[in-house]
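Visitor: Assemble chains F, C and B with the ligands onto chain D, guided by the hints.
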Amino acid sequence: MRYVLRKIGLLLLTLWAAVTLNFFLPRMMPGSPTDAAIAKLAQNGPVSPATRAAIEAQLGVPTGNIWDQYVTYLGNMLTLDFGVSYTFFPQSVSDLVLTALPWTLVMVGVVTIVAFVLGTLLGVLAAWKRGTFLDSLPTLTGTFTSAFPYFWTALLLLFFLGYVLQWFPTSGAYSARATPNLSLEFIADAAYHAVLPAVTILITSLGGWILGMRNTMINTLGDDYVTFAEANGLQPKAVALKYAARNAILPNLTGFGLALGGVVGGSLLVERVFNYPGVGYLLYNAVTNQDFPLMQALFLMITVSVLVANFIVDVLYGYLDPRTRR
Amino acid sequence: VDVPTEDDNNDGGGADGTSMLLAADNGSPTFDRNFNPYSPGKRTTTTLIYEPLFVTNTLDGTETPFLASEKEQPDPATVIFTIREDVTWSDGEEFTPDDVVFTFDLLKEFPALDTNGVWALIESIEVDGQDVVIHLTGDNVPAAAIIQKTIIVPEHLWADVEDPTTFTNEDPVGTGPYALGEFTPNEYTLERNEDYWQVENVAAQELILPASNTQLDVVNNGYDWAYAFMSDVENTWVAAAEGNTFWFPPGGTIALFPNLTMAPFDNPEFRLGLSAALDRERIAEVAEEGYVDAAGMSGLLLPNQEAFLNPDLPDGGAVAQDVDAAVSHFEAAGYTMSGDQLVDSAGTPLALTLTTPNGWTDWLRGATEVQTQLAAVGIEVTLNQPQPAAYQQELQNGNFQLSMGSFGGTGSIYEDYNRLLSSEFLQPVGTTTTANFQRYSDPDTDALLAELRVTLDEDRQLEIAYELQTVMFEQAPVISMFYGGLWGLFSEANFTGWPSAEDPYASPATWDANPLLVLTNIEAAG
Amino acid sequence: MTLLDVQDLSIVYEPRGAEPVTAVRGATFSLEQGEFIGLVGESGSGKSTLGFALTGLAKAPARISSGRITFDGTDIAHLDGEDLRRQRRGGFAMVLQSGMNALNPVRTIGNHFADIFAAHEHVPRARRRERAVELVEKVKLPASVLDRYPGELSGGMRQRVAIALAMSLDPRLLVFDEPTTALDVLVQRAVMGTIIELQREENFTAILVSHDLGVVLESTARVLVMHEGVIVEDGPAAQILQDPQDDYTKMLLSHYADPRAEVVELPGLRVAGSQISTTGEPPAAIGTDAAPSGGAKARTGRTREAVVLEGVGKVYPPPRRGEDPVVAVDDVSFTIEPGDALALVGASGSGKSTIAKLITGVERPTAGTVRLGGTDVGSLRRGGLRRLRRDVQMVFQDPYSALNPLHSVEYALMRPVVNFGGLRGLQARRRVLELLDIVGLAPVEQFAAKLPHQLSGGQRQRVVIARALACDPQVIIADEPVSMLDVSLRAGVLALIEGLREQWGVSLLFITHDLLSARLVTDKILVLNRGRVVERGETAQVLRFPEDAYTVELLDAVPQPGRAAD
Amino acid sequence: MTEKEATARGEAPQPTQPSPSGRQNANDAVDGGGRVAQVAAPASPFTVLGRAAGTIWSVPKARVGLILLAVFLLAAVFAPLLAPYAPTDNSFGRAEGGSAAHPLGTTTAGEDVLSQLIYGSRVSVLVGFVAGFGATLIAVLLGMSWGYTRGFAADVINFFVNLFLVIPGLPLMIVLAAYLQGGGLAMIIFVVVITGWAWGARVLRSQTQSLRSRDFITAAQFSGESSFRIVFREILPNMTSLITGSFFGAATAAILAESGLSFLGLGNTAMVSWGSMLFWAQNSNAILTGQWVLLFAPGLCIALLATSLTLINFGVDGLSNPRLREGKGR
Ligand SMILES: Nc1ncnc2c1ncn2[C@@H]1O[C@H](COP(=O)(O)OP(=O)(O)OP(=O)(O)O)[C@@H](O)[C@H]1O
Ligand SMILES: Nc1ncnc2c1ncn2[C@@H]1O[C@H](COP(=O)(O)OP(=O)(O)OP(=O)(O)O)[C@@H](O)[C@H]1O
Ligand SMILES: [Mg+2]
Ligand SMILES: [Mg+2]
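Protein chains in written order, with the working numbering: chain D, 1 to 326; chain F, 1 to 526; chain C, 1 to 566; chain B, 1 to 330.
Calculated directly from the structure, the hints in this document are not laboratory data. Everything numeric in this text was worked out from a predicted model, so none of it was measured. Hints may contain errors.
[Claimed, not checked] Simulated restraints on C-beta separations: (1) D:74 to F:194: 41 to 47 Å; (2) F:160 to D:74: 32 to 38 Å; (3) D:319 to C:443: 43 to 49 Å; (4) F:526 to D:160: 33 to 39 Å.
[Claimed, not checked] Below, a list of computed lysine-lysine pairs in the BS3-like style, where the Cα atoms sit at most 25 Å apart: (5) F:71 to F:149; (6) D:7 to B:61; (7) F:149 to D:40; (8) B:61 to C:140; (9) C:59 to D:237.
Even for Gly, the Cβ is constructed at its ideal location relative to N, Cα and C.
Looking at chain D on its own, in the form it has when it is part of the complex (with noise of 0.2 Å):
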């Protein structure tokens, strides 16, 4: 019981910690949100020195002592009241990140889980058919894409695949007409607009999980009870899914639920060079236009996320690994 007290105090510190992170980083950052506004409205032309104060009034920027600001801020935190936000006034910062949600949430998560599921699959067959052709190809080419820095390869793709050869559409989420709802034809109108960033997070992720998956098989493969099996005649394919492979995924399970957790913080460099509507590009807005309260509830959420993820796949870990369990 003390032990789960303290792995739960441990877990709250850590979420006060990241929330007042939250808090005090982007304050530290020189420059307002006001200073944000003008900074963009400048870069069209002139800004009349009223409209300083006005914006200044509207955003309703907080003023005064930071400790009661940072009280307020925690309330607000702990009620879940996220506030306006100052890039997208007056929008409540819940709307905004309730309509991005979705999008990240679906492309993103499913490339993250189909990255994760091939991957892993890759790098079964790669330590399973260690130093032959079957190994050496995904194992390289993984090691290579893995290099790719993602807006290069979101541009590339971007460049050949939706510009030269136009087979798929180079921004947004769904086409230009359509409002959001849940026909088939707008969700296969989604899904053909997912193609370029959902294949640009898959190239790049890929290589990642193959080599971690093939490092851990290859390690299980030299485990007793790996020989013991295929002494006692099993079949090839039972000895590498059934015994090394099940057991070299655990490890590998708690990159995943990180994965996992990050999913919500979206992919902001692909999001932003597609155009998508996700939480990723929100953040980049967040982050650039200081928009506190948006940039708090989107950092809370990454966080909780990422906590909760974990901590799940503990709880999965123990399920799939009896050792832990009892």
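Guide: Then chains F, C and B with the ligands, alone, in the frame of chain D:
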């Protein structure tokens, strides 16, 4: 499933000659439905749905009446707008002078909406028949130009709005040439308001505004009007389709803002030295790929404001690079060349920091060129590139040595010079100011500005403008370098009569009231 | 009928980036149906390698470089893939050396059986559960283990499961590779019993691989002795016992003795009754130094003190929620007088190491007191503990892991000399060399420069002992100091320990489950069972005439060659 | 940083990090079949290093990686000799295609692309190595003390590591980058280090924990060694290959991070790096003007440099874990 592509939607842009594809409003990345004309997050085209009293061509200050048919300034402290008759709101209600007064009262009640600061100028306002009489807080001739920019909203709808600062006005009702058509997060349309008071001047039946207007989109999707800096515009935009043209008039002056509160910038000789050391043609060339001209020291946007140019200024204010002159100015300021370094009387080499916002690439290129050129006269320049918000803060707080900055382009001589030179904005370093960032203070200049504010005499106004140019030229409170372009891309395929160097009736800007001028002037092609 | 015929079999390991090693050279022998033979040899002699090859498990980097393995008429040396797999049912099977780890931690025992049945489809689906129950019952396990995970079973149970799994293939040849090494003496005994019984019942051909000559001689009728990859001896157990031909076999046999015997004799060591005398040549260094005669005076002149445990108990918090706390040590009292040697014996988990930890201050007792002279060890903190370690040193069980592989012998010995002896520079170095000389590692200069991997196991253990001596301690705790060593090395180390104790007057706490070692180096003994002392007395007395049932059981577990022949 | 790094600690496990299960294979010369004493010549630290290098070199993938890395290192060191022009010399024609004078053409600002590419290697190599070193240093210091200590101090470190693992890396970088405005390369390195050490610390901790239970650590305590000495003289040297692995992993992450930040325009855009080349390419419509080399070449260089480090890691993996030495399986 038939999946429509981007093109299916967008090439509607004028096949029938009356629909226009416009890159004027960028979603980030999608659109919020916000048509509150006073909201900073409003859709850019809100200014096509609502109208102000007058629209000023920011290039040269020419004024075009819109909701007011006339204005009169019987004395420097009073402005009378005669409100246009036979104008209706798009819901059919009649537009009256009361709407105008209501609007001003609204701004008074909610200062957050008053983005132009009109209630700093206005004492009171009243209706007199079809006229709206505005009493100013004092003699203030240029005030009218600011007041008339105010966007007028309908009393019968807005009176019930509880909090107009957070109101998103999803179904806007205005007097303007367009009304909201179909709205989706990725694209919306504006339909021509068939009851518009000058509907005969409005050629485009429909405006299509996609949320994504990347340069790739602009070049590929057949836009009619886009605002974007295009690298190598001839080979990209112009080559993309028949009839594509561009016009990049100056929209402001990019200058070096020296911090006048500190040495050596407090010495005009030093500033003039800096000015003489620069090869402005080269800077303009490097910064904007040669699409804009070098700026002279008059503070005017040329050729737009040619009419105001002081004929006594040598070379029309232009300053050519002259290293010898620069060195002698520096000597007058107490700096001498020692080897290839400029040193002060103690022999310490001069090192300056030049601030430019990160990510504003044209400025950065300009700044880099300045760095190179000043190195040639022995000044070591370090670049400081804060993020835009931080840059803004440093600029406002006077927290810089030398900063890239811009001024001018409001269309009003008074506004342009007042913001740049008036000590009314003077704040100590560390305190935010909203103008006069270099912290210039000169009683004579203040007197000139004060007079310009109150005089109705146009000849006197011109004289004062000449004198202000002389101040700019001789004192060099800022060191103008090149013009910031307004990057207009037009297609003549479907519409003609776009603003151009030959007919600069409006700027190419797609925001504020400017599109009202453009869209009521163009004609369908063919 | 000849079941297995091996002709001139050689196996090489060809690891990448390292020299190839020929692990088996020209092995030739054959096995009859139903024979039970033993394969002995020291660590690294190639036993496992041979076992793997016989069961078709040799894989990279191992390669059969020459020879034939004919199993029931087919050459399996070059069989692979599906053909080989088919052979495994009703053919040959192997129980791995590390049988403890031979089970997939994430599958239930039942699933392990199911996998095998599914792979060979030799048991109809409906009968599979039934058959699995039969098999586990054969190895004396309850049917309920089928629903448990390997992690939930003890080592002995896992080893039995592994045997049952191998049995489920109905093999005609079964290779047991050290099936009991990792197990507790008592459990070891039980598992071996099961194997012997099974073999008798099922009459399969069995090869028992072991480095323990006693175990092999006790259970098998025929023995192969391997040395450096070569089969040096092949003959009936009885004959080998009586009349070994090969020198290596002779050496092995000479290191075997019965702790119950009146006189126990090993090369270099001879113990009769409670008396100990050194026979033959003493280890090089011993005796050359001026030995203090009284034994109660330290070299440095510090007074020797006794280790006193009074009613000591240690209770560990429950390992998991909801379980009972672990009572590791329960009300143990004893005294080690200066110069005494006390053996602490008992089965695994009986609390031996815990007592060592309590004496060395690594753990604190939860009851009673541990004192070294006047110091209460349980109450010491950092600095005090450091001072305690000057007096109480430890000799570790596994010399392979007790030395940092990256530090030279000199470094390892220098540290305590510098830290405790306060010596620096040349003086310290001289002391290091002296220590090496004491433990008989000559030439000392040469040994000082070596890294652990350049030493043999026995040499390493000598370094570990030298390190323990470096600060001239009063008490040396040796926790199973020879259990990881080959028999050939064991005696030397034991003789060294014994000699040192005599000479330096250090007190010795000798922890072991090996009764023979206890007999050889100690004069008093303490038998521990579940944390409690069940018997104590003179070593010879207790071992020869045990009173407590548990002690009897422990002694029974000691293999008695020739018993199988009965 | 790119998200890759954000995710290196998040979305995907770093290929080069050993599994968190913390297998105890580190460098133990007596592992596996090594029971048998192999008597060899006494080894000095140099021969140990030499042997390590040999092992890495013997893995073909790592060999390719080393050669690739050497090429980039040479380009970085000898950039002034190799590059035909100064990287910021903008006196050439704008957006020219490839020619004898400018093999890869010129940028829209009139700079020579090839020269920029060669000079750009300096930033990436420097950032990669310095930031990789910094992140590894923090990871080593914190990870090892975390693994060795118990109680409150360990909880404190645990807390910080967790904190840095859950905070989204890329946004944190952007915020930090904005805070440390205009710091140029040093700023980028700092940001990458701050956001990049946590994963390594975690891996090193589990390894430390498994090492601390080894007998030789207890033996060192019995030799009267201080904790400090035990951590740094006994444990640390046994983790060299793991640390080397972390270093290459962190360096890869740092290179990708630098390019990502520069691409977002958060680096020093006036400095010529591959990331800033991509930034400018994107900014000046390289796609539209057909200057695809501008887009393709710097990205390829980043990818190749990062690949070279990952490839080297194949060899490093083999150092610490014999099972991972390259070779045929079944
Ligand atoms: N994978 C391998 N690579 C290289 N050499 C190996 C490998 N496995 C074993 N060897 C070597 O082969 C020889 C025989 O090893 P083997 O495991 O057969 O010995 P063993 O008699 O079973 O020893 P033990 O009693 O320790 O189990 C040893 O010298 C060993 O170092
Ligand atoms: N740190 C610990 N926490 C909980 N229980 C422990 C701990 N250390 C030992 N035990 C338990 O205490 C009991 C005695 O363990 P100890 O290690 O003293 O046995 P041992 O006689 O040395 O056994 P072996 O011969 O296997 O070394 C065992 O049941 C063990 O599981
Ligand atoms: Mg073996
Ligand atoms: Mg023990």
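Visitor: Now tell me if each hint is right for this structure.
Guide: Cross-check of the supplied hints:
1. A beta carbon spacing of about 55 Å between residue 74 of chain D and residue 194 of chain F contradicts the range 41 to 47 Å that was offered as a hint.
2. For residue 160 of chain F paired with residue 74 of chain D, a C-beta distance near 37 Å keeps the hint of 32 to 38 Å intact.
3. Judged by the Cβ atoms, the range 43 to 49 Å given for residue 319 of chain D and residue 443 of chain C is violated: they are separated by roughly 60 Å.
4. Against the hinted window of 33 to 39 Å, the Cβ-Cβ separation of residue 526 of chain F and residue 160 of chain D comes to about 37 Å, which satisfies the hint.
5. Of the supplied pair hints, the one linking residue 71 of chain F and residue 149 of chain F holds, its CA atoms being roughly 13 Å apart against a limit of 25 Å.
6. Proposed proximity of residue 7 of chain D and residue 61 of chain B is contradicted: the alpha carbons are some 43 Å apart, above 25 Å.
7. Between the alpha carbons of residue 149 of chain F and residue 40 of chain D the distance comes to roughly 21 Å, so the proposed pair stays at or under 25 Å and holds.
8. The suggested pairing of residue 61 of chain B with residue 140 of chain C is violated, with an alpha-carbon distance near 51 Å, which exceeds 25 Å.
9. Distance hint between residue 59 of chain C and residue 237 of chain D is fulfilled; the C-alpha atoms sit about 18 Å from each other, no more than 25 Å.
Taken one by one, the earlier hints fail for this structure at numbers 1, 3, 6 and 8, listed in ascending order.
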